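These protein sequences, in sequence, are chains A, B and C.
Counted from 1, the first sequence has number 287 at position 103 by the numbering used here; the numbering is strictly sequential.
Counted from 1, the second sequence has number 950 at position 247 by the numbering used here; the numbering is strictly sequential.
Counted from 1, the third sequence has number 1212 at position 152 by the numbering used here; the numbering is strictly sequential.
By construction, these hints were calculated from the structure, which means they are not laboratory data.
Partial chain C-side listing against chain A, Cβ under 8 Å, derived:
{"no.": "1", "residue": "Ser1104"}
{"no.": "2", "residue": "Glu1107"}
{"no.": "3", "residue": "Thr1111"}
{"no.": "4", "residue": "Glu1115"}
{"no.": "5", "residue": "Pro1142"}
{"no.": "6", "residue": "Asp1154"}
{"no.": "7", "residue": "Ala1155"}
{"no.": "8", "residue": "Gly1157"}
{"no.": "9", "residue": "Lys1378"}
{"no.": "10", "residue": "Pro1379"}
{"no.": "11", "residue": "Ala1383"}
If the Cβ cut is set under 10 Å, some of the chain A residues that face chain C in the computed set are:
{"no.": "12", "residue": "Ile201"}
{"no.": "13", "residue": "Thr275"}
{"no.": "14", "residue": "Glu300"}
{"no.": "15", "residue": "Ile304"}
Result set (BS3-like, lysine-lysine): computed pairs, CA atoms no more than 25 Å apart in a straight line:
{"no.": "16", "chain 1": "C", "residue 1": "Lys1307", "chain 2": "C", "residue 2": "Lys1345"}
{"no.": "17", "chain 1": "A", "residue 1": "Lys237", "chain 2": "C", "residue 2": "Lys1382"}
{"no.": "18", "chain 1": "C", "residue 1": "Lys1287", "chain 2": "C", "residue 2": "Lys1307"}
{"no.": "19", "chain 1": "C", "residue 1": "Lys1378", "chain 2": "C", "residue 2": "Lys1317"}
{"no.": "20", "chain 1": "C", "residue 1": "Lys1307", "chain 2": "C", "residue 2": "Lys1317"}
{"no.": "21", "chain 1": "C", "residue 1": "Lys1098", "chain 2": "C", "residue 2": "Lys1300"}
{"no.": "22", "chain 1": "C", "residue 1": "Lys1287", "chain 2": "C", "residue 2": "Lys1345"}
{"no.": "23", "chain 1": "A", "residue 1": "Lys252", "chain 2": "C", "residue 2": "Lys1253"}
{"no.": "24", "chain 1": "C", "residue 1": "Lys1307", "chain 2": "C", "residue 2": "Lys1098"}
{"no.": "25", "chain 1": "A", "residue 1": "Lys252", "chain 2": "C", "residue 2": "Lys1391"}
{"no.": "26", "chain 1": "C", "residue 1": "Lys1391", "chain 2": "C", "residue 2": "Lys1402"}
{"no.": "27", "chain 1": "B", "residue 1": "Lys863", "chain 2": "B", "residue 2": "Lys1015"}
{"no.": "28", "chain 1": "C", "residue 1": "Lys1378", "chain 2": "A", "residue 2": "Lys237"}
{"no.": "29", "chain 1": "B", "residue 1": "Lys863", "chain 2": "A", "residue 2": "Lys237"}
{"no.": "30", "chain 1": "A", "residue 1": "Lys252", "chain 2": "C", "residue 2": "Lys1402"}
{"no.": "31", "chain 1": "C", "residue 1": "Lys1300", "chain 2": "C", "residue 2": "Lys1317"}
From a predicted model like this one, the values you see are computed outputs, not experimental measurements.
Every residue gets a Cβ at the ideal spot worked out from N, C-alpha and C, and that includes glycine.
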Amino acid sequence: MPEITEWRDRIWRYRLIGSRCGGCGSTYYPPRNSRCLKCGGDLEEVELPRRGKLLSYTVVYQAPTLYKYSTPYIVGYIELLDGTRLFAMLTDVEPDEVRVGMELEATLRKLYTYGESGHIVYGVKFRPAVG
Amino acid sequence: MEGIVAVGYGLVRVGEYWAKDIVSLAADAASMALDMAKQPSVDALYVGSALSGALGIQGNLAIHVADELGFADGLAVNISAGGASSGLAVLSGIDRLLSGSAEYVLVGGVEKVSDNLPSDVLEAILIDIDRRVLKYSGLTDAGLAAIMARLYMEEYGVSKEKITSLSVLDHENGVNNPYAMFRRAVSLDMAMSAPLVADPLTIFDVAPYGDGAAFLVLTTKEKALEEGLDYMEFLGYGVARNRVPISHRSNLLSFDASAEAASVALSRANISIDSLRFVELFDNFSITGVLALEALGLSGSGSGADDVWSGKFNLDRQVSVDIMGGLKARGHPIGATGAYQLCEAFMRFEEAPRREYGLVHMMSGFDDQAIVFVVGGGGSA
Amino acid sequence: MKTSNKVGIYGYGAYIPRYIIENSVIAQVWGKLSTPIKSKTFPSYDEDSLTIAYEACRIAIESSGAPRDRIGAVYVGSESKPYAVKPSGTVLVDALGLSRNTLSADFEFACKAGTEAIQAIAGLVSSGMIDFGIAVGTDTSQGRPGDELEYTAAAGGAALIISRADDGVLAVIEASNSYVSDTPDFWRRSGEKYPRHLFRFTGEPAYFHHIISSVRRFFEEYGYSPKDFDYAIFHQPNTKFPQRVAKMLGFSMEQIKPGLLSPIIGNTYSGATLVGLAATLDVAKEGDRILLASFGSGAGSDTFSFLVTDLIEERRAKPPLKAFLDRLVTKDYSTYVRYRGKLML
Ligand SMILES: [Zn+2]
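Using the sequences provided together with the hints, build the complete structure.
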């Protein structure tokens, strides 16, 4: 039952909860349960900034089953304002509108569903910043 | 390293085996390896397979392969570690021999992807790499490689053509490999204009998944000489891991684990990188092959694609890369790919002068766990 | 109805999807010559009434600085819930990082589910049971292909955070009224994808009768008249109805102008009057009085009077609705059909 595994991840998936090192300030997303990779310091939960810029991206044409009906879709490699880097799907933007360096903001969207009658999995996606 | 050698190899051409199940596919390749090694009594079997369990094909695969081969006793161990599965099977076999607990071991890998929907295979692969990062972002393995390719192009001002030239080289070299999935050369134009898998990567930047099985019989050098068997010697190996999840890495383009594994392997073998004759890259994508070249020390950072483009690693050069076609032309039966690379190195030593050294690089995910073997030819003949 | 303790709007936010389809494009597909509005929004393939509610709530909370730990109710009004059984509010609570010690339920009353949620929360806040509550009206309504509803059924939503006036509100809820009767103008049976309606019966005996009854009774009860209001928002299933009902009640086109969005965005159902209110609050000044009258099929109408305070400037929605209107892009029928899930897969 993947729904249960995914339920366990929902808070960080919905809210951009990451880890921050008390020692050196490094941040991580998804959150780490262990220690800081850079200095070995203790990590604490932190809500990461919702804005960032696009470092790189791809447009996926051959998709896994769960995303089969979302193609073509864009996945970005994003650097948040505090320097945290992560991968997330982009939305409300067409492939020919995407530019490396563009300003993005986090939003909540449907990621995929387990069929018409199945569970809906929501999570963070990024869109071009509005306003 | 203390004289561990391969004395037999066996493999099937990578492709689609509709009429074969995973166990008999493995047995076909293993039997060929055992024949070449003159049917030794095997003390342990290590079978790598990335997805046989995840795709619901056959769990606990090794005991079924052992049974199919008629092994009455001895260890039968299954190893699932993505693209590193068969590499770790080989390592485990070497360790078993080094510990003195075995005289002969059979090691290798098998993968069966044609029994499942391609999109289900993609899903299993992305979950295998990192469920939390890839599944929630919709990233496929090709998508992640595409993001790396675009970063590389931006960072170093390198054209896509130069990255893709590694695929062209693979196809050129694959023509000579009887076990390659694709045995035809392709032009750069054709590779560039092919359908996109994940922009900017086309199907020619992506190693094709296929069914396959490859096995090697390993023993001690002492035993091989005693039995009068030709062999390929394992001169050194190194294993290292990079950070996961991949989003926690400070530089996506730096394959630190591959670099570490190569450095350890070469120093154990006491061989300098300049004395290598060939290098087999785990180029599951053109860009990962380029990044591996740089990590292994064959090219400087940002110049790997340039070097391939300029022909520096062609067959007629001092160090040749992917001499049997690499993952792109031979095909990529994920958990068996590492064993294919070693079988191909062995094939090379059978034909070419034996005083040569080769380096074989393999990894799971994107440098998540890298294994490097330094090998050389030899025999009593 | 008046609350015993003064309550009002602490913060608000509205959201509409990026995509619109022009009525002329739909009309071309079905060979129709006249259309009710110019264009309507539709949700992207990854949006539903819950993600729209999330956006509206997030804007409301972030723009107002409402204390997340003091929000004691999340009521979501919608006729297009992602699940028939499974509340949207619980996802919102966790996605917005609100206290889990909260009331949460989904409200359904066709297009007036959102204003019904406001009434309920106003009562809870006034009574002291909770300090803050969020009322949301959100929909991704569907019209059967070729049906009259296909031209107007749109997507959008807005959220109001309600608190006691002494916590500092940007608009006081002065009074409200509700009027309902059994009127089968429009319905959707359980398990059905598209609603049914009785054509022109949705006008006179449904929309007009209920809004006019609700507003007139409200005027009688509290002594207001149209000239007391700077702005008015009426439920807007198309362009004509809200204009006509405004005229019948004695309101001018100027009064309804900032809140009349249906010509461009269509009928956002439970979102409609709240999105109109948000657009009006985006331009309102201290001392402005706003009338809102919703309509829900089945049928009923809620009327409210809001008096804008000096907190309006610092609490305005960021981004305002205009930022979303400015990013609208037109799509063709095939994209619309695909994103709306009208293809059988
Ligand atoms: Zn640290």
